[in-house]
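For the record, the sequence lines run as chains A and B. Numbering-wise, the first sequence is residues 2 to 192 according to this note's numbering. Numbering-wise, the second sequence is residues 5 to 464 according to this note's numbering.
These are computed hints drawn from the structure, not numbers from a lab. Check the hints yourself; a few may be wrong.
[As the list claims (entries may be wrong)] Covered stretches of chain B, as calculated for chain A (at least 3 residues, CB under 8 angstroms):
1) 168 to 180
2) 242 to 254
[As the list claims (entries may be wrong)] Sample of chain B residues with no beta-carbon within 10 angstroms of chain A, all distances over it, derived:
3) Arg21
4) Thr33
5) Ser110
6) Ala120
7) Val122
8) Ala154
9) Arg199
10) Asn216
11) Gln350
12) Phe372
13) Leu378
14) Asn395
15) Arg396
16) Gly417
Where a beta carbon is used, it is the ideal one built from N, C-alpha and C, also for glycine.
So you can see what is in the structure, the chains are spelled out below.
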Amino acid sequence: MLTLLRDLRRRRLELGLTAPDRGRSLAVRHVDAGSCNGCEHELTLASSPYYDLQRFGIGVVASPRHADVLLVTGPVTSRMREPLLAAYRAMPEPRLVAALGDCALGCGLLGLPREAGSGVEDVLPVDARIPGCPPEPAAIAAALLELIDGASVRRPAPAALPRPVEARRANGASLSSGPGTRPRARRRRRS
Amino acid sequence: MSGYRERVTAAVADGWRVAGVHAADEGRTVRALLVGESGETRLESSPVVGGECPSLVDLAPAIGWDEREAHDLYGVRFAGHEPLRPLVTHDLTLRHWTVGVRGHDSYQIAVGPIHAGVIESGHFRFHVVGDRILHLDTRLFYKHRALERAAAGRTLDEGLAYAARACAACAVASSVAYAQACEDALGLRAPDELRHVRTILLELERAWNHLNDIAAVCAGVGFAAGSNHFAALTEEARRLNAGLAGHRFLFGTVAVGGSSLSLGVDAVRSARETLERLRSGFNEGWRTLQFDHSFQDRLPGVGTLSPGDARSLGTVGPAARAAGIGVDVRSVAKQLAYEGFAPAAQARPTGDVRARLEQRAVELEQTFGLLDSLLDGPLSAVAARNGAATNRFGVGRVESPRGETHCVVERAGSQLERLRLRTGSYANWPSVAHVAAGNLLPDFPLINKSFELCYACADR
């Protein structure tokens, strides 16, 4: 059966999927920072009819300018470090970073450290961690939903917490090479 | 030093093909892998003297990338390879790695490394006039993890992870090529049961990949009904993998010197039922695609690869077979259970997007047939046997969903000295760039998806 768009609603009922929630959304920009392509394949299927992430208001957007969350796969190879930072800098506040898959989380890394990198945490502040090699589409969907729920139920409060970017800089890690390239401080408020 | 070129020249005249070139021994030696007409392999080596070694690129244009990679990663200069453009090195300016295109109204469009969808990272530089592509320069290796170098010094067993994780989409093919290369070096023979189980795993991998690739072409023209249908089938195929072997991409199912996969009667029966459902779902979806004219109108005459260009570029896999070149490692895979195999051929191998899509369909039908005959009973763990001569070198060749993947290992005892993995994607990227010229820029995503190559195992 070809899953025509007009049949999607019926398919959802047949598969026992819940009705889409209203009033919330999450725009995701994916960046492959050196994965084995497994995370990409599973992320692609998270938008396929079996999971249909779009019904929760979660969609992959074409530009970081339109994104709420930067979803990063791979260990951040030396050649993807700058493009990743450029994508992060292009995002409007408030912005979140999610590390997708074990390579992005810095576990079980293969390759030489200089070329392969050591995980997203060393480059950007990470708000959500999605483990797995690769994480299954259902796990990706669940983690993104948790992120969206967490972000929406948090009560606005003045930004008093230390900002992770600067905290890490204080610990000696350098985020970027020069003035003007530092990501703007995050203004996402936490309860 | 000159003997290397002469030996290879003579071999090529005798019908051997240069399948790959790599630097070994920290750039002090260059080795060429030659493949004979019935699948036999041999390595020819040349010392690197004064940082230089003769090039083979005029004898075998298909190994252009190999020599550029050996130069960038090991500093070997190839005499006669002019210009030796950078491939892995990213530090050089535009004029070093692009072809100069000048003329009235010509301009460049830079795309990537980050793309608009869920796509791997790589940079494309289009030289265009209006919407017409004059030339495409690709710059990949953004995902280079130095896997081959990192694998050196590991044990042969540990090295498997480096081949397997080069790429999830071809993980089984790369793992089997690596395992075969190690077994070749260790003098191990694969008994029939081991050939049988590896062939099943390879065909399961091909099934989900080809379903995924058909979905990708549908997505490439924005045909949601088709991409949804085939994405759902891809999901079911990956669930089948998880049910059979505990992993959706079949990670961890291949080992050096044996297989630990065991399947009972019930598991095999249930897998056969799922495959039957997948097959009928595929047939139904494929029939619908055939009669959707707005979809079909986008495919013919786009991204056409001629048989002559496919031969000189060394195109492999479904892309080569869609251009009428019947190369398929499965025809000569003595270490696998492909007795009597003949490559699937379509009625009109026109080498365009339509032909590459149809090639996936005829091969899927063949894969379902192979799995039907291979999954004929329970499977149990099996080990390879001693008995063949041991060697410092080993070679394994496998047909991945994207074409010939080969692995060359050099060992010192049980330790890996050099791992070289050359996958179907690596072989075919130059073809993608070549066929883009002359097409419309908005058709490039479609052309790219009709090859559906991995960046991960090309970059390693």
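Now for the hints, and whether the structure bears them out:
1. 168 to 180: The restraint on the stretch 168 to 180 of chain B holds, since 6 of its residues have a Cβ under 8 angstroms from chain A and three suffice.
2. 242 to 254: Per the Cβ count (3), the hint holds.
3. Arg21: holds (28 angstroms)
4. Thr33: Check passes; 21 angstroms lies beyond 10 angstroms.
5. Ser110: Holds: least Cβ distance 26 angstroms, greater than 10 angstroms.
6. Ala120: Answer for Ala120 (chain B): violated, closest chain A Cβ roughly 4 angstroms.
7. Val122: violated (5 angstroms)
8. Ala154: violated (5 angstroms)
9. Arg199: Correct as stated: the minimum Cβ-Cβ distance to chain A is 26 angstroms, above 10 angstroms.
10. Asn216: violated (7 angstroms)
11. Gln350: Answer for Gln350 (chain B): holds, closest chain A Cβ roughly 23 angstroms.
12. Phe372: holds (19 angstroms)
13. Leu378: holds (24 angstroms)
14. Asn395: Non-interface label on Asn395 (chain B) holds, nearest chain A Cβ at 26 angstroms vs cutoff 10 angstroms.
15. Arg396: Non-interface label on Arg396 (chain B) holds, nearest chain A Cβ at 24 angstroms vs cutoff 10 angstroms.
16. Gly417: Since the minimum Cβ distance to chain A is about 22 angstroms, Gly417 (chain B) lies beyond 10 angstroms and the statement holds.
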